[in-house]
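If you read the sequences in order, they're chains A and L. The first sequence begins at 88 in this note's numbering and counts up one residue at a time. The second sequence begins at 7 in this note's numbering and counts up one residue at a time.
To be clear, the hints were calculated from the coordinates, so they are not data collected in a lab. Using N, Cα and C, we set each Cβ at its ideal position, and we do this for glycine too. Honestly, I wouldn't trust all of these hints.
As the list claims (entries may be wrong) - Reference excerpt, derived from the structure (chain L facing chain A, CB under 7 Å, subset only): (1) A12; (2) Q27; (3) L34; (4) L49; (5) Y50; (6) D53; (7) L57; (8) Q59; (9) Q63; (10) K83; (11) S85.
Said to hold, decoys possible - Non-contacting residues of chain A with respect to chain L, defined by C-beta distances greater than 10 Å in every case (computed): (12) H176; (13) S201; (14) A202; (15) D203; (16) R226; (17) T315; (18) K333; (19) L364.
Residues per chain, in single letters:
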Amino acid sequence: MHLEVNPVPFAGSTASSWKSGGGGGVVSDQFPAGLRVLVVDDDPTCLRILEKMLRNCLYEVTKCSRAEVALKLLRDNKDGFDVVISDVHMPDMDGFKLLEHIGLEMDLPVIMMSADDSKRVVMKGVTHGACDYLIKPVRMEALKNIWQHVIRRKKHEWGDHNEKDVEQSGSVEDGERQQKQLSENDDYSSSANEGSCKNSKKRKNEDEEGGERDEDSSSSKKQRVVWTTELHQQFVTAVNQLGIDKAVPKKILDLMNVQGLTRENVASHLQKYRLYLRRLSGQHHNGIGNSFMGPTDATFGQLTSVNGLDLQSLASSSSQLSPLGRSTNRTPVSVPLNDPRNIFSFESPNIRFVHGQQQQQHNGVNRGNLLHGIPTNMNMPIHPHSSQSNSLLTQMVQPPQQRNQIFNDGVFGQNGIDGFAPAYTSIPQPSSVVDFSRSQRTFSTPVNNNFGIAGLASSNKGMLPQHDIGSEINGFVPTCDVFTDVNQNNNRTDDWGFQSVGPTTFEAPQHLNVQSGGLVNNSNLVPQNIPSDSLSRIRGERLPDVGFQNSLFSDQDDDLLSTYIKQNHQDGSFDNEFGFDGYPLDDLPV
Amino acid sequence: MQRQLATMKQSLFDQGYLDEQFVQLEELQDEVNPNFVEEVVTLYYRDSVRLVQNLEQALEKNPLDFSKLDSYMHQFKGSSSSIGAKKVKIECTQFREYCRTGNGEGCKRTFQQLKKEYATLKKKLEVYFQFARQVGPVEKARRPK
Numbered sequence: 088m089h090l091e092v093n094p095v096p097f098a099g100s101t102a103s104s105w106k107s108g109g110g111g112g113v114v115s116d117q118f119p120a121g122l123r124v125l126v127v128d129d130d131p132t133c134l135r136i137l138e139k140m141l142r143n144c145l146y147e148v149t150k151c152s153r154a155e156v157a158l159k160l161l162r163d164n165k166d167g168f169d170v171v172i173s174d175v176h177m178p179d180m181d182g183f184k185l186l187e188h189i190g191l192e193m194d195l196p197v198i199m200m201s202a203d204d205s206k207r208v209v210m211k212g213v214t215h216g217a218c219d220y221l222i223k224p225v226r227m228e229a230l231k232n233i234w235q236h237v238i239r240r241k242k243h244e245w246g247d248h249n250e251k252d253v254e255q256s257g258s259v260e261d262g263e264r265q266q267k268q269l270s271e272n273d274d275y276s277s278s279a280n281e282g283s284c285k286n287s288k289k290r291k292n293e294d295e296e297g298g299e300r301d302e303d304s305s306s307s308k309k310q311r312v313v314w315t316t317e318l319h320q321q322f323v324t325a326v327n328q329l330g331i332d333k334a335v336p337k338k339i340l341d342l343m344n345v346q347g348l349t350r351e352n353v354a355s356h357l358q359k360y361r362l363y364l365r366r367l368s369g370q371h372h373n374g375i376g377n378s379f380m381g382p383t384d385a386t387f388g389q390l391t392s393v394n395g396l397d398l399q400s401l402a403s404s405s406s407q408l409s410p411l412g413r414s415t416n417r418t419p420v421s422v423p424l425n426d427p428r429n430i431f432s433f434e435s436p437n438i439r440f441v442h443g444q445q446q447q448q449h450n451g452v453n454r455g456n457l458l459h460g461i462p463t464n465m466n467m468p469i470h471p472h473s474s475q476s477n478s479l480l481t482q483m484v485q486p487p488q489q490r491n492q493i494f495n496d497g498v499f500g501q502n503g504i505d506g507f508a509p510a511y512t513s514i515p516q517p518s519s520v521v522d523f524s525r526s527q528r529t530f531s532t533p534v535n536n537n538f539g540i541a542g543l544a545s546s547n548k549g550m551l552p553q554h555d556i557g558s559e560i561n562g563f564v565p566t567c568d569v570f571t572d573v574n575q576n577n578n579r580t581d582d583w584g585f586q587s588v589g590p591t592t593f594e595a596p597q598h599l600n601v602q603s604g605g606l607v608n609n610s611n612l613v614p615q616n617i618p619s620d621s622l623s624r625i626r627g628e629r630l631p632d633v634g635f636q637n638s639l640f641s642d643q644d645d646d647l648l649s650t651y652i653k654q655n656h657q658d659g660s661f662d663n664e665f666g667f668d669g670y671p672l673d674d675l676p677v
Numbered sequence: 007m008q009r010q011l012a013t014m015k016q017s018l019f020d021q022g023y024l025d026e027q028f029v030q031l032e033e034l035q036d037e038v039n040p041n042f043v044e045e046v047v048t049l050y051y052r053d054s055v056r057l058v059q060n061l062e063q064a065l066e067k068n069p070l071d072f073s074k075l076d077s078y079m080h081q082f083k084g085s086s087s088s089i090g091a092k093k094v095k096i097e098c099t100q101f102r103e104y105c106r107t108g109n110g111e112g113c114k115r116t117f118q119q120l121k122k123e124y125a126t127l128k129k130k131l132e133v134y135f136q137f138a139r140q141v142g143p144v145e146k147a148r149r150p151k
């Protein structure tokens, strides 16, 4: 499609170009001037030189010689920076680790730099999600173009959907802006990236399709749904009819009666919508930062890029969740709606979410999400919903504020529900017991939580509410209760810390789920859409953590959890019920 | 005077003490930071003292911890290259190569050479900057021929 906006020179000749809708935008009319850069390097000489170079590019520079300080700055000023440049070798924290954290928590573009130009290190940058890698000594020319990474990310955020969608709706300022940007970017290398990004997105979609054993053939393609104004209106009408509390994807879908729309689409859209509402109402700031909603697609495949949704949620929802264990518990600032960067427009995020969720599902991105998703306070409100998977997801999503979204995504992914409906708002946080009945039994006690968690663990720790969903969720209902409690009590992000560390961690167990079939495959619990990768992975991980094995947990310093599990755990029967045969339940803590 | 300054600078380049990076620094110099290059070089020499010390200490250990040596040298190299210290950088690279092959003697030898180059450059730059200050604000850096 052709973007109507005429390319605007970066000098900012056009008032509308790059200007954030609400005036809160970081980018001024003179973009890329004013780009807010955070530079992290332990070498004072390099730092000074970089600072000067960046200043000469008319960027706003903040320099920092320690990674910890940088993270703090980023956390305290969500939305305060556009891009981060970091050295690889630093004494207090490895540059790649910092990169991971930033990607997960804030989802900002990060550029790595080093005097080391060995392929191995550069590759590491790529795999960790760096959007660029500069070799020292850094030249002015290299720095002049870093703005492209910001644009690129935003562009992906808004997604190609914007291109199509915005034109239709015409109401999205951001979209327009995006268009402009996009058109502006046409002439730049970013257009090449766009192509590649699309490809990567496609790839992701394909992966998702493959990964998910979605019963819905139509949804197997995981097409991105473009939430046009009319569609959204229909959605809102349906939701209002049902009542926001009772609005579950399945019902909404039925009410909407739109051809080709899947439950997953609705679920993910619902999730976003809830966030949006939450933001509007000003409650639960933890919500997923709309702000973060944006960027992510671009980095999707990367660890850092947690599906937009997740990251965003994570980021916004709480710094608490940060795997670093620094749960600051700061409620993420709800990004002002009018902040163009942030999701502001419901449409974009929706789109994003869709994408993100999908991604999550399978790239193990969930992992990322999970980790981060685990809010320190996991109050994941889980409401017992009807048995639909969607509902389940929805419920799960509830987790308030914090990253629930992320989790939800994960959960959804697993259950094949695309989006997970993060509990945005009205979701009560009851720790409903998730009923894994689908597969087997219902857990009435929190014990279930354990399982749930275990199972869900893959997706979100604690996000999964337990309820009696029986059918849909296929047993994955992660019970958030346990985690919630645990987390709440302990505010432990540390627990998750290990998990968050890595997507890598999650990868391992993948086969666990699948093969052992404990949670997933066996019995009826088979999570259908579980993102094969992430879910299984997570599951694998979690189960042991949860305490079936108890080993992980203890290692993890999760005394609380272990204790909790012990409390709730009812002998081994618990396991059996769930039919997690695959997992060694021998060591279940009692 | 300015011509003398230019000649001085040119010779530094010709003799391989400085490379293109130095020019980059000069290009950054402007009215806002008229002594930027000097400032950075001073910063470099101040900070690298610590790195040199680390290296010295590490080289006295027995047995040598090559990975640590390499790590220190990596930092030192990064720093040196950012001011355009060409000869110093060359020694750094050589040193790292010896580290890679576990050649302790080679490392020590190279380190001595490195220190020499490091000191020589410092002196030359000190003279240069002194001169530059006398000459006054210089126009934009010109690329060495």
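Structure-based check of each hint:
1. Because the beta carbon of L:A12 sits about 22 Å from the nearest beta carbon in chain A, more than 7 Å, this interface hint is broken.
2. Residue-level restraint check for L:Q27 holds (minimum Cβ-Cβ distance to chain A is 5 Å; threshold 7 Å).
3. This hint holds: L:L34 has a C-beta 5 Å from the nearest C-beta of chain A, less than the 7 Å allowed.
4. Interface restraint check for L:L49: the shortest CB-CB distance to chain A comes to about 5 Å, inside 7 Å, so the restraint holds.
5. Proximity of L:Y50 to chain A holds as hinted, the smallest CB-CB distance being about 4 Å (cut-off 7 Å).
6. Because the beta carbon of L:D53 sits about 5 Å from the nearest beta carbon in chain A, less than 7 Å, this interface hint is met.
7. For L:L57, the shortest C-beta to C-beta distance to chain A is roughly 9 Å, which exceeds 7 Å, and the interface hint is violated.
8. For L:Q59, the suggested interface contact is broken, since its CB lies about 15 Å from the closest CB of chain A, more than 7 Å.
9. Evaluation of the L:Q63 hint against chain A yields a violated restraint, the C-beta minimum of about 16 Å exceeding 7 Å.
10. For L:K83, the shortest C-beta to C-beta distance to chain A is roughly 5 Å, which falls under 7 Å, so the interface hint holds.
11. A cut of 7 Å between beta carbons decides the hint on L:S85: the least distance to chain A is about 5 Å, and the hint holds.
12. Look at A:H176: its CB is around 6 Å from the nearest CB on chain L, not clear of 10 Å, so calling it non-interface is violated.
13. Not every CB of chain L is more than 10 Å from the CB of A:S201 (nearest about 7 Å), against its label as outside the interface.
14. Interface exclusion of A:A202 from chain L breaks down, the closest Cβ pair being 4 Å apart, not more than 10 Å.
15. Not every Cβ of chain L is farther than 10 Å from the Cβ of A:D203; the closest lies at roughly 7 Å, contradicting the non-interface assignment.
16. Not every Cβ of chain L is farther than 10 Å from the Cβ of A:R226; the closest lies at roughly 6 Å, contradicting the non-interface assignment.
17. Against chain L, the non-interface label of A:T315 holds: every CB pair exceeds 10 Å, the least being about 50 Å.
18. Remark: the non-interface label on A:K333 is consistent with the geometry, its nearest Cβ contact in chain L lying 60 Å away (cut-off 10 Å).
19. Residue placement check: A:L364 keeps its beta carbon more than 10 Å from all beta carbons of chain L (closest about 48 Å).
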